[in-house]
Amino acid sequence: MAITSNVLVTTGNVIYTSTNNSVVSVMYFCNTDSTYARNINVYLVSSGGTAGSANQIYKDIQIAPKDTFVVDMEKLVLGNGDFISADVSANASVTSTVSYVGI
0 MAITSNVLVT TGNVIYTSTN NSVVSVMYFC NTDSTYARNI NVYLVSSGGT
50 AGSANQIYKD IQIAPKDTFV VDMEKLVLGN GDFISADVSA NASVTSTVSY
100 VGI
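All letters in the sequence shown, in the order written, are residues 0 to 102 by numbering that gives the first Met the number 0.
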């Protein structure tokens, strides 16, 4: 099992790209802001694709100040080049951590 972490900006964050095949077991989105809630959007994109409404899996999820949104109910099986992208309502206010394993 491995992890990758990112500090999100408002657009264009690829938070994980599968090499060969992999399973994402959990994703964490932590609002590090002490005062303001932040919204995130998450996209599951096929290799060669672009993040957009057609592949959005979470929309406008609000995370309270100093709180974490955890995605762990379903496992995501990704092929080579498939990726997960996310955006946030304010730069550098949310971190993402993805835990995955190659298969």
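Treat the hints loosely; a few may be bogus.
[Stated by the list, open to error] Quick list of the computed label-pair ranges, beta carbon to beta carbon: (1) Thr3 / Thr49: 31 to 39 Å; (2) Tyr35 / Ile102: 35 to 43 Å; (3) Gln55 / Val76: 17 to 25 Å; (4) Thr34 / Val76: 34 to 42 Å; (5) Gly101 / Lys65: 27 to 35 Å.
[Said to hold, decoys possible] Capping the alpha-carbon separation at 20 Å, the derived lysine to aspartate or glutamate pairs in EDC-like fashion look like this: (6) Lys58 / Asp71; (7) Lys65 / Asp32; (8) Lys65 / Asp86; (9) Lys58 / Glu73.
Worth flagging that the hints you see were computed from the coordinates, not collected in a lab. Everything numeric in this text was worked out from a predicted model, so none of it was measured. From the three backbone atoms N, C-alpha and C, an ideal C-beta is built for every residue, glycine too.
Status of each hint after checking the structure:
1. Separated by about 21 Å at the C-beta atoms, Thr3 and Thr49 break the suggested range of 31 to 39 Å.
2. For the pair Tyr35 and Ile102, the beta carbons lie near 39 Å from each other, so the given range of 35 to 43 Å is met.
3. For Gln55 and Val76, the hinted distance range of 17 to 25 Å is satisfied, since their beta carbons lie about 18 Å from each other.
4. For Thr34 and Val76, the Cβ-Cβ distance of about 38 Å falls inside the hinted range of 34 to 42 Å, so the restraint holds.
5. Checking the proposed 27 to 35 Å range against Gly101 and Lys65 shows it holds: the Cβ atoms sit about 33 Å from each other.
6. For the hint linking Lys58 to Asp71, the alpha-carbon distance of about 17 Å falls within 20 Å, and the restraint holds.
7. Between Lys65 and Asp32, the direct Cα distance comes to roughly 6 Å. Compliance with the 20 Å bound is thereby established for this hinted pair.
8. Restraint check for Lys65 and Asp86: satisfied, since their Cα atoms lie roughly 18 Å apart, inside the 20 Å limit.
9. Taking the CA atoms of Lys58 and Glu73, the gap is about 17 Å. The hint holds against a cut of 20 Å.
The earlier numbered hint that this structure contradicts is number 1, and it is the only one.
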